[in-house]
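S.K.: Each chain is listed here by its residues.
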Amino acid sequence: MSEAVIHDHDSHDDHHDHKPTGIGRWLFSTNHKDIGTMYLVFALIMFFIGGAMAMVIRLELFQPGMQYVDPQFFNSMTTVHALVMIFGALMPAGVGLANWMIPIMIGAPDMAMPRMNNMSFWILPFAFTLLLSTFFMAGGAPAGGWTMYPPLVLQLDHGFPFLIFAVHFLGISSIMGAINIIATVFNMRAPGMTFMRLPLFVWTWIITAFLLIASMPVLAGAVTMLLTDKYFGTAFFNAAGGGDPVMFQHVFWFFGHPEVYILVLPSFGVISQIIPTFSRKPLFGYASMVYATASIAFLSFFVWAHHMFTVGMPLTGELFFMYATMSIAVPTGVKIFNWMATMWKGAMTFETPMLFAIGVLFMFSIGGFSGLMMGITPVDFQYHDTYFIVAHFHYVIVPGIIFGIIGGVYFWLPKWTGHMYDETLGKWHFWLSTISVNILFFPMHFVGLAGMPRRIPDYNVQFTDWNQIISLGGFAFGLSQLIFVWVIIKCVRGGEKATDQVWEGAHGLEWTLPSPPPFHSFTTPPQVTDATAHS
Amino acid sequence: MSDSHGAYFIPEPSRWPIVGSVALFISFIGGGIMLNGSGFGTFILGLGIGAVIYMFCGWFSDVIRESRGGNYNKQVDISFRWGMSWFIFSEVMFFAAFFGALFYARVFSVPWLGGEGAKLATHMFLWPDFESVWPLLTTPDMSMEGIESKFTAIKEIIPAWGIPALNTAILLTSGATVTFAHWALKKNNRAGLCWWLAATVALGLIFVVFQAYEYVHAYKDLDLTLNSGIYGSTFFMLTGFHGFHVTMGATMLLVILGRSMAGHFSANDHFAFEGVAWYWHFVDVVWLGLFVFVYWI
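Residue numbers (our numbering), protein chains in the order written: chain A, 1 to 535; chain B, 1 to 297.
Extracted from the complex, chain A is given alone in its bound form:
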């Protein structure tokens, strides 16, 4: 193998489109497209595993009283649903899009460190094997919430070290992935691809990568302290030894809040590509988009305690974190208005990616507004730990992030496969998802304000009607996602041949390559000018 490695560079042109074959192509891959594909497929599988857990939750909550699962298992469902969706579906999907698109968007031959790229991916299936294996252990799977607050989480039995190690493992993957993206964007841009000519998706991903590098190690530190508290007698989160359980919440949310933006910024990047394409106008306020994204990321390190307003902080802390949280609305507003201004007087068409992008715009804003409500400290005392919170972050995550990622998949699927997807099925997928997601999450605001607590398998009879509607919306949303799988499989297997540009309004380097692009794209870097740059 090493011989081949050394000679690769001299014989580069000879096997320009030589693909490795068999299982080795995937196991040993150093190709950003193959690794991107693996990330995306993995994310889709985890999306359905996490989704199945959500279905169990909604089934149990269809009626008051205990029906199908015992409370411990219900709590495992809420906890592991979150961990699987955040670390297994959303983050890998974002990284998958980055892997596929960043090198071809900036005119690079591949990621800067292709072998490390492979390891970032292959850690994931093993890490989730560790996490999901806890279901079969004494004491069951983690059930204390994905935030792993002590002392509750320390009650977890045999699964505990596996939970902690899975988090460490995922952290290693994320940090390596983030380092790779930074090195790629800073060092691999084609001549003329200046920073202010980068497609916005690339910008959002560099900023995400910095967030990852700064926050994932802090999570690793926090869970390490949990581990030593349980097994090695330390007292970090034990007041009897001079520590404080609330300290965990501070350290955790120092990671956790940037994590929110780690999840959402790639989705913002995707819709910043889609909206100009189908509005047939350049993105409005490109520079302000870049600065707004960077501001959001920077501010995200100073707002963490708004997740813990009710925990008993000093008044100064409550006030500081309230104002800091409010200030994030400013750059976020800049982005929302820029997307709307991009559409203003555009020659718009509404293909599936555009529908999903507009869905993000509308429904992320709903989540954003309820976020503003909860950012107000005194008001949050009512919302805290109710279904209002669940409604808020699911609006942000499902129609805000998942819709963005799905939109990106529809947008780039013709580029990846060389075939157009089935537009009719795509539209069905969008409309069914959009209707069901609102039936699913909007009534959660009502039951939340009425006082229904989150993470409890039973509820007061007064909440029954809304919960039944919520559950029906949930099942409909889950079923609608099967259409997505069908569209993808159909598109991979065949369909109308896609052109290089795919979409009439598409601009940027990725649309200059054939669909599908050759195995090794841009072995000689293209020259980028203002005319060929994305914006």
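Treat the hints with care, as some may be off.
[As the list claims (entries may be wrong)] Only pairs whose alpha carbons sit at most 27 Å apart, straight line, appear in this in silico BS3-like list of lysine-lysine:
#1 A:490 with A:19
#2 A:19 with A:497
#3 A:230 with B:155
#4 A:230 with B:220
#5 B:150 with A:230
Worth flagging that the hints you see were computed from the coordinates, not collected in a lab.
Fit chain B to the known structure of chain A by using the hints.
M.R.: Just chain B, lined up with the frame of chain A:
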């Protein structure tokens, strides 16, 4: 490498990443089983760590071979620089979590338990006889009569101006010697490079030995252990992770010393040396933070 020509080097498919993932997987399984109380887990953990070491050796052998083969041009070199610097930054953030815990304990949780600020009720109803001091030798639950504490009381802490000060001098000196090695390398003075590097490794090892001695002393004579409340927790986790990083850094320096002796580096082509030197300086800076905030003030 910097004068090599041609396109950016994209390695052929490699088995090391998947070997690394499996190796870490085995280690974590072993660690988990071990912590759940089965000695069999320790065996699996050992197996996993062995596999991790095997992966590192194999992967870096490939990288060294590629580098020697002239495959890395200037641009690849820059990728490595970006990679190493942000890796070090991620390590800084890891330590930041533990420094954060230390500051939180000193500024908030211990004074609050002692009734400072708005926490009078906390103090009165949890451990009314507890007095907030730092270093915290006895934990809050020891102030209550008739209740057996989960923790052990510290007899004495390690003063800053003994071994820790000596260790500070040793690490700062090692920072200088690694720079002298770099200067020698830039003048293509291989003997100078090797001797200064050897001195750096030696200083690193002396540091680790002193640290180990200090740990034995703390456990045997001072009752300062991981189990002695928040002081022991922050003390051992911070110095322990630092000591582990020094050991890693010294191992990396040792590899670089071997490569220097084999003549792998030239005055204008030696990123491996620089990356390890950066790492060494990072370990050094973390120690300064430890010396000031853990030992001294």
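S.K.: All hints are to be evaluated individually against the structure, with a verdict given for each.
M.R.: For each hint, the structure was consulted:
1. At most 27 Å may separate the alpha-carbon atoms for a hinted pair to count; residue 490 (chain A) and residue 19 (chain A) meet this at roughly 23 Å.
2. Our distance criterion of 27 Å between C-alpha atoms is met by residue 19 (chain A) and residue 497 (chain A), whose separation comes to about 22 Å.
3. In summary, the hint linking residue 230 (chain A) to residue 155 (chain B) is supported, as the alpha carbons are separated by about 24 Å, within the 27 Å threshold.
4. Pair hint residue 230 (chain A) plus residue 220 (chain B) holds up; C-alpha atoms about 23 Å apart against a cutoff of 27 Å.
5. Under the criterion of a C-alpha separation no larger than 27 Å, the hint pairing residue 150 (chain B) with residue 230 (chain A) is consistent with the structure, at around 12 Å.
Going through the hint list in order, the structure satisfies each hint without exception.
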